[in-house]
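*Asks:* Take 8 as the starting number for the sequence shown in the working numbering and just add one per residue.
Everything labelled a hint here was simulated from the structure, so no lab data went into it.
Misleading hints may appear alongside valid ones.
In silico DSS-like links for lysine-lysine, alpha-carbon gap of 25 Å or less [to be verified]:
1. 42 with 76
2. 46 with 76
3. 40 with 76
With beta-carbon atoms standing in for the labels, derived distance ranges [stated by the list, open to error]:
4. 241 with 55: 22 to 30 Å
5. 8 with 202: 16 to 24 Å
6. 136 with 164: 31 to 39 Å
Remember, it's a predicted structure, so these values are computed and weren't measured experimentally.
Yeah, the Cβ is synthetic: ideal placement off N, Cα and C, and Gly gets one too.
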Amino acid sequence: MPNRLINETSPYLLQHAHNPVDWYAWGDEAFAKAKAEDKPVLVSIGYAACHWCHVMEHESFEDPDIAAKMNERFISIKVDREEHPDVDSIYMEALQRLHGHGGWPLNVFVMPDGRPFYGGTYFPNTPRVGMPSWPDVLDAVADAYHNRRESVLQNAEALTSAILASTQTVASDEPLRAGIAAEAFAGIASAFDEQHGGFGGAPKFPQPMVLGFLLRHHARTGEPRARHLIEHTLRSM
């Protein structure tokens, strides 16, 4: 039996139309239901060519037991980032504020008014080293929402304020502080994975803005480690 995504036109949403998850498309209906039932909202964002989106769908969203947990405890929304780049941009900013990096699938938990309070990217269906399982994440988020509401609301307020502040550009005639590029490079280098390339822990996603910065930093300074980070990352892809 197909879910309501069967009526959508997005190829990505249609890929999820036969999941046992009671998916909603992005819109007011899902948030109104979440408010009426006092449930947190899962906003799951991806795109048709996303490998890890397909992996998570197969492992978790096609699993009847996991889907039943999602349907019981959450209102779940599927979003095609190519249809709603604005939604993707806002919640990606939230994820980067939470973890320092982002990627897809982008799974963010939000209040019934849309304010985000927790999120992540790919979660496996069973625990792995350094990664909780998707069912464990669902249990923890639902428990926090219902039993530690004040803390959840504080997270939502802090994230929302940070996102709003990041969208406000303040004009300034002040030059960039000397040494800021070197500090940025040091931060990037400290997160580099010498074994597998890339930055941070798994799952990794291409970060063209970071690689572009490293290219410019190497061109300006001749820093050999900047070139090493780029080349090792590209060879490892």
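*Asks:* Each of the hints needs a verdict: does it hold here or not?
*Replies:* Hint check:
Using a Cα cut-off of 25 Å, the hinted pair residue 42 and residue 76 holds, with the two alpha carbons roughly 19 Å apart. Distance check on the hinted pair: residue 46 and residue 76 sit about 13 Å apart at the alpha-carbon level, within 25 Å; holds. This hinted pair checks out: residue 40 and residue 76 have alpha carbons roughly 17 Å apart, not beyond 25 Å. Between residue 241 and residue 55 the beta carbon distance is about 25 Å. The supplied range of 22 to 30 Å therefore holds.
Distance hint check for residue 8 and residue 202: the Cβ-Cβ separation is about 45 Å, which falls outside the suggested range of 16 to 24 Å. The given range of 31 to 39 Å is respected by residue 136 and residue 164, whose C-beta atoms sit roughly 33 Å from each other.
Violated hints amount to a single one, hint 5; each of the other numbered hints is respected by the structure.
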